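So the protein sequences, as listed, match chains A and B.
Read in order, the letters of the first sequence correspond to residues 1 to 349 in the working numbering.
Read in order, the letters of the second sequence correspond to residues 350 to 1148 in the working numbering.
Rather than coming from a laboratory, the hints here were simulated on the basis of the structure.
Keep in mind the model is a prediction, meaning the values are calculated, not measured.
Hints are supplied without guarantee of correctness; some may be wrong.
Residues on chain B that point at chain A, a partial pick, calculated with CB under 10 Å [claimed, not checked]:
id	residue
1	Arg428
2	Arg429
3	Leu457
4	Ser458
5	Ile516
6	Ala519
Idealized CB from N, CA, C, for every residue including glycine.
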Amino acid sequence: MSVKLLLVCSIACYPLIGSAQGYAGLGTQVSGFSNPDRSQALKFPHDHGAHPDFRVEWWYLTANLKGTDGREYGVQWTLFRSALSAGNPDGWSNPQIWMGHAGVTTPEDHHFDERLARGGIGQAGVATQPFTAWIDNWELTSPDETLNNLTVTSSSESFAYDLSMSANGPLVLHGDNGYSVKSANGQASHYYSQPHYEVTGVLALADRSVEVSGQGWLDREWSSQPLEEDQSGWNWFSLSFESGDKLMGFILRSENGDFTSGTWIDADGHAAPLQPGAFQAAPLDYALVEDRTIPVEWQITLHEKQISVTIQPVNRQSWMGTLFPYWEGPVTISGSHTGRGYLEMTGYE
Amino acid sequence: MKRATFGALISHWQKHPLQLLALVVGLAIATALWSAVQAINSEARASYARASAQLGFSGLDVLIPENGTIPVTSYVNLRRAGWKLAPVIEGRWRLPKGSVRLIGIDPLSHPSASALTDATTFKLVNLTSPLQIFLHPNTKEKLDGIPDLPPITLTDSLPTGVVLTDISIAEQLLTHHGQLSRLIVLQNKSIGLTPLAVLAPNLILQSANGSQTGRLADSFHLNLTAFGFLSFAVGLFIVQGTVGLGIEQRRNLFRTLRAMGLSLNQLVVLLLSELVLVALTAGGIGLILGYLLAGALLPDVSSTLNGIYGESVEGELALRPSWVLSGLGMALFGTALASGHAFASFYKMPILTIPGFQSRAHTAGTGYKMMAITGSGLIVTGGIAMVLFDGLLVGFALLAGLMLGSALLLPLLLSKILTIAEKAASGALSEWVWADMRAQLPGVSLAMMALMLALATNIGVGTMVSSFRLTFLGWMNQRFSSEIYVSVNNDEQASELVNWLDSRGVTSLPIRWAEISSMGIPIRVYGAMDHSRYRKNWPVLQAVETLWDDVFIGSGALINEQLARRLNLWPGDELALSTDWKVTVSGVYSDYGNPHGQVLVSLSNLLHNVPDVPNRQFGLKLPLKEVPALMKELQEDFDSRDILAIDTTDIKARSLAVFDRTFIVTGALNLLTLGVAGFAILTSLLTLWNIRLPQLAPIWALGVTRRQLAWLELLRSLALATLAAVLALPLGLLLAWVLLSIINVEAFGWKLPMFLFPMDWLRLLGLAWIAAIIAAAFPAFKLARIKPSELLEVFAHER
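Chain A on its own, in the form it takes in the complex:
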């Protein structure tokens, strides 16, 4: 047994990582945590911050950018929180594990990096007054307690970025006022987004530094068991059409039938939840990514909005080879509507 294995075993103590159920253990029931409550209205800025009594949570930013060099770029910045147990005491015995993922996608390359930290010592966390989310030197900060104006920074061996974002629309609460159902049996999470960011900034790669601008989308979600035990992963789409309308849709995959849901956001920011099954997505083409067959081209249909579009990745190899690996990258939309968006696919073993 090597130390590497020892470490794996040590990490195995962390429920999120150490579970067999669902992707990253998100389908495991663990006692001692709070559960999402439909009657609990979201309160801001409180809910921009961490919910240490829930097991998992994330601050998930993606942006479709265009450089002054005329090229397409995709940027991801994510902070995950996963708790071994509820509570947030000071010191090393803090049970909160923080995980940061950053990625930059170009048509040719996909760069990513990962940071891990535990709570209680200040290495990672989220503060609300003003809003700041950080892990090591990666930061998502606001001058005030709102999410209206944010700057996001990240750096790694192969990339760095420093972006400013300002929201030109309201927050969007998914599902029932932010209570988002994830299975037929009622697994759920609290889920809201800010999909209306205008983004400008600088992106540095090993061989160049480029000014970029485009649109960004921030997701906020927390739960304690967001997946059914038999749900193996999900495909999540955030699509921004040139008409100004936006669509968020997801498929939770299961042997016993997929569960789909989503939200339609019209150009003025008004959001309407989709009925389960209304959002339809069918794979059109697959790519071999890290020895896995992954559906990277999709046909998306939403009859009630006359949406019938094809989704194509900017880079078919947008693989995040992190502790929990997944596919995440920018996509382009063609068909009945055009536009750009982001696609995330998890649970492909």
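Here the structure of chain A is known, so what remains is to put chain B in place on it, guided by the hints.
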């Protein structure tokens, strides 16, 4: 033709099996000693490398604090500045059954964890269990009976005596809240980072190869290597003697072969093949012997390293190809070295010259002078190196110069002494005896050198070990001044114990200490209560006058010699135990056998700076004759799982046992060297045997009986041994001084007073005599029983 010639050459060994035996045994012993030491060294090195790789620290730089520890906030600040670091807490975790090295890591940042990003690990992590501690099965015993431990996982991949666990658990067990011992610097090439030197000016970047214990243990291995080399050199003396003889005795044969048309080159090639064959055979035997010897010595080496340096060597002796090759290589190289001279003289031999005995003593005279000049040069070079540089290697250079130089001076010295003796002798026979001895000097001088070196090494190392032992004993008597030492598991048991002792009128002195880390090295800080025990008995080496008053006021501290030398702190200097805990060094005390730094402050000073210091160990003062009764009562009234009581006499006996065990290796090598030297004398006397016969025959013809000649043979051997022993004494004492005052300080961090042990010298002289008698016995016996016809033949063959 070649086969026949080779057969003719080989047949010499059939006629002289003893010579062949001497050659093979000499080379085998030399190879065995050398390769045993190499095997031990490489095993130890592999063991260290394993340990360091297992802990995942190999090849990575480390940030250590300038003083005290690293606050967690500093770690977080560096992380927030973008530096990828892994925090480590490390300390001794004391347990009733001894202490272990406890290492706390953050699995999320530890170097091995960054490699976890492949998909396979995802399947590995199906184990769901709470935080646990990892240790080697051998370490388990020490943790038996400790309550409230996290689940234990046994693993062979950690060194014995190390417990690995999560940083949060280590922090609690070591009571190091919010403090880190070091930060491992992970591979880091992020764009645009501020340099560490700017961000953390009070942290020291230690490069991957600079560990303190490694350097210490290296000195021990250097020591072993020096011993191995010495033995090898002594073994080569034997080889040189026999190879020379083998060539000398076959001159008639060579002449015949050459006359039959064999070219000189062909002959040399055949002779070389013969030697290579012998060297490989003897080398092979030597390797087997060496392997067995290393296997026998390894446990003792391990305990030595453990006792003195805190390093542990584990595992079975592995047969490494590199070791086999180097052993055989050394055997070949040694044979070449030892036979070079014989070959050179053979190569120059005119084809038809009649081999004959010449009085080699005359031609040897100038040779002695050259050797003596070289020898003096070596000694002076060693001395100059000592003055110009310092460090352990220089100490060994001085030793090597001294030993080799003295050996080279020996022949000239012996020849002078024998000349003086010859002149002082009265009577023809005694005059002849001295002259004969001098004539034989060229033949035996190498053996004499070997004997003198072996004796000097014995005296030197023996003096060092015995001086050390005597000092150690005295120190133990001062240091362990309480009659019984007791330790318990927790503070409640401690107060129960104190009440129990009070009710019996037994004085108990609390022994409280905290493990801190200052300047990157672990230091144990003891808190002492003002008691005459300290003022009277503590083994102080250097101190200010107000030593104990300063300590008990709280301003002063005593430090052990190791720490004083390591940090170069002496009375009057300031010692920073942490950023806001500074004390003045008011004294330095001896602390033998301890690899770690130690500080003694007043108890109130300790408690003020380190809260929650456990109070679980006590020294009990009581009349010696009441000790057994109290020990018995302690065992009866307390659960044996809760309490550990040790009688001081027991501690002393155990410490002494550890001490003696530590030097078993030295003793064994010492004795082996002496044995090899004895064998060298035997072979050189045998070598001389045939050459001597023409010299003895005229003496016999003059009326000296064979029996008398035999006695003279023995006496001569004894006289030479005595001379070697007498000359070895000053050299041995010089060696002891270098070991005690230079090598010890460099290697162990303490200086020792030198004591003289004349009885040991006499014993050695006795051993030298025994060796000389055994070596001369066979030739003497042969001489006593020689047929008169053989002696007469000398005249018949008069050349």
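Cross-check of the supplied hints:
1. Interface hint at Arg428(B): satisfied, since its Cβ lies 5 Å from the closest Cβ of chain A, which is below the 10 Å cut-off.
2. Contact between Arg429(B) and chain A, as hinted, is supported at the beta carbon level, the nearest pair being about 6 Å apart and thus within 10 Å.
3. A hinted interface residue such as Leu457(B) counts as satisfied when its beta carbon comes closer than 10 Å to some beta carbon of chain A; here the least separation is about 4 Å, so the hint holds.
4. Evaluation of the Ser458(B) hint against chain A yields a held restraint, the C-beta minimum of about 7 Å falling below 10 Å.
5. Satisfaction of the interface hint for Ile516(B) is found here, the shortest Cβ-Cβ separation to chain A being roughly 5 Å, below the 10 Å cut-off.
6. For Ala519(B), the interface hint holds, since its Cβ comes within 10 Å of a Cβ in chain A; the closest pair sits about 9 Å apart.
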